[in-house]
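Q: Given next are the chains, with one letter for each unit.
2 protein chains.
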Amino acid sequence: MSDSLPPDSVGIVSPQTYHFDIPLNLACGQTLESYDLVVETYGELNANASNAVLVCHALSGNHHAAGYHAPDDRKPGWWDSCIGPGKPIDTNRFFVVSLNNLGGCHGSTGPNSIDPDTNKPFGPDFPVITVSDWVQSQARLADRLGIECWSAVVGGSLGGMQAFQWSLDFPERVRHAVVIASTPRLSAQNIAFNEVARQAITSDQEFYKGRYYDFNTVPHRGLMLARMVGHITYLSDASMGEKFGRELRDQAYKFGYDVEFQVESYLRYQGERFSESFDANTYLLMTRALDYFDPAYNFGDDLAKALAPAKCEFLVISFSTDWRFTPARSEEMVKAMVAARKKVSYAEIDAPWGHDAFLIPTPRYIDIFTAYMDRAAREVGV
Amino acid sequence: MSDSLPPDSVGIVSPQTYHFDIPLNLACGQTLESYDLVVETYGELNANASNAVLVCHALSGNHHAAGYHAPDDRKPGWWDSCIGPGKPIDTNRFFVVSLNNLGGCHGSTGPNSIDPDTNKPFGPDFPVITVSDWVQSQARLADRLGIECWSAVVGGSLGGMQAFQWSLDFPERVRHAVVIASTPRLSAQNIAFNEVARQAITSDQEFYKGRYYDFNTVPHRGLMLARMVGHITYLSDASMGEKFGRELRDQAYKFGYDVEFQVESYLRYQGERFSESFDANTYLLMTRALDYFDPAYNFGDDLAKALAPAKCEFLVISFSTDWRFTPARSEEMVKAMVAARKKVSYAEIDAPWGHDAFLIPTPRYIDIFTAYMDRAAREVGV
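From first to last, the protein sequence lines stand for chains A and B.
Following my numbering, the numbering of the first sequence begins with 141 at its first residue and continues without gaps.
Following my numbering, the numbering of the second sequence begins with 141 at its first residue and continues without gaps.
Keep in mind the hints are simulated off the structure, nothing from the lab.
Errors might be hidden in some of the hints.
For identical chains, the list gives no copy identity; a pair is met inside one copy or between any two copies.
[What the hints assert, rightly or not] No farther apart than 30 Å at their CA atoms in a straight line, the calculated lysine-lysine pairs in the BS3-like style are these:
#: 1; residue 1: K445; residue 2: K383
#: 2; residue 1: K349; residue 2: K451
#: 3; residue 1: K383; residue 2: K475
#: 4; residue 1: K383; residue 2: K394
Using the sequences plus the hints, can you model the full thing?
A: Printed below as a string of structure tokens:
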């Protein structure tokens, strides 16, 4: 570990790729014959493999959740605020597993991977993946790593949905599910925003019905628009106001359609940067995984009934200004958990940052998360 | 008036075009040498021209605010719920003037009009128009119609901004300003959504830097996306949930990127219909008029100071679930009006329909609006 890295960092980390060749049957009816998962781990697995924590990522996340890939990296992993020595997911006690989900674009098999049947990228032929499919693939990863039962499965947003789904699909293999800034299912408005993003991508002339790889191009503008819309929904009106207000980029109005306000410049920049690093087909896939998530669907919309098999304890956390997945949506989960007589702790955190608050170490959030994980650690003797 | 039309309709109406050839100096520094305004009127102007009400439209509105253009029209004008015999803006008492704003695409001079200098559509050469410019052009229309002082200037959303601006720019010419579902200025989030819409339009390959008329095309996909985003912000999460929930278009999941949920189908339809009837350059212009509106800008952000010249009475109305321009934004206006010692009435209406609630005749909304306009009518003896 480099001396220049913060002392509470997991330090320099390297991803590792695991290949799986037992066919995976997917919810959509298709089968993936084989696939790779790219994984990072932090901390040490203890002798009886009881201290493992699975971290699940959200829409645009990846396996690089904590630490640095190189000493001169400008930024650490996406959840470095919560993973590391002395942090809520304390790597002095836990063995943390973080993977890029199936269908992703950061090393795990996804639409931009080579389809062995055609020797070309899958593109639109890559199957639609659901949260349940991810959980299946993560269970195989657990098998490979020798982890029979997770001390905790943890995630924010779409990651929280995976934690929730674990409790239903593998009740014997999860002690704690930590579901942060999430929802039991998307609202019509949530789906609508996803649909705008998808339409932006698929209507880009460079999309070529998802086969843009073959044309050596990417639907840059569509992906940029999708990210811009998404980004607005991750922030709160208040935090955007605080950060940008009506600040102009130049001294006075220019009366035109180029950038006038700083917030426009920021959004364009975010959108452009994202469109250079993220795969458009993966974006479509991730938004659909969000749309389809609905554990109560096969239980007459009764979430408590869906929760019947769950055996773990739950920690549910929401954020006051999150208008994408409001505290009310977390409370739906909590009510269903209570109705199903599950053990559940719930906290709504006052934080101005909207949905993105789950990435930001607000003291009360960190305290509650830390206390809960401390209990989980002590349970397994670490 | 056709027998088949509702008895509280203004009946069959016809727009009229007024030509103006005294140059109009615009806020952006440019000058419009001449222009047309297309106008509808409902009711009769009284002998001393004291019973006139100006209705101002919002982003996608036009001059056709009430009644029908033909007996077999499926829908009346956009604010027919509030304009007509016995309605809040009672055409048995008031003479109502409704115009398509300058820069519009429904008959008034705008980007899709022929530029007399080039004999081609203005396109991107059409100047940026502000709310103040509209008020100037509306004042000239008032002159033409022989209206020295409006009994009321009334509008929702961007229309409310025009009512507000009238009170500042022509304090002697307005008795009442009715500002509904509006805001004293856009927030960073509001601007951000507008910017997404603009980027969607300008990044459409059919946009041709605004000269799409010359290429005999329109940026159909961009305009569709812009409308889809806009539409989401006009509705509330609750009303979308009520209307669509997670209803599927077919019986079961199809696991793909075509329409799965009814809300997707609805949004695509709305977007497509809009993109066939609205001009993309006008959309850009209207969003910028929203962005630039900021009457406190030249008064050190002190709205009360900006209000000093106003002489009219104000009615301000907001809607509980409007997250585009929340009740808090209306309350900012009201506070400033109180601080500036203006006469103001304020009501927040409980309504589930988000921003669009200003178009929907909720009983309490209609009652308050009617009572206020009744007083305005009696003041001028009608």
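Q: The structure should be examined with respect to each hint, and the outcome stated for every one.
A: Tested hints:
no.: 1; hint: K445 to K383; in the structure: between (43 Å within a copy, 26 Å between copies)
no.: 2; hint: K349 to K451; in the structure: neither (43 Å within a copy, 59 Å between copies)
no.: 3; hint: K383 to K475; in the structure: between (35 Å within a copy, 24 Å between copies)
no.: 4; hint: K383 to K394; in the structure: within (22 Å within a copy, 41 Å between copies)
The earlier numbered hint that this structure contradicts is number 2, and it is the only one.
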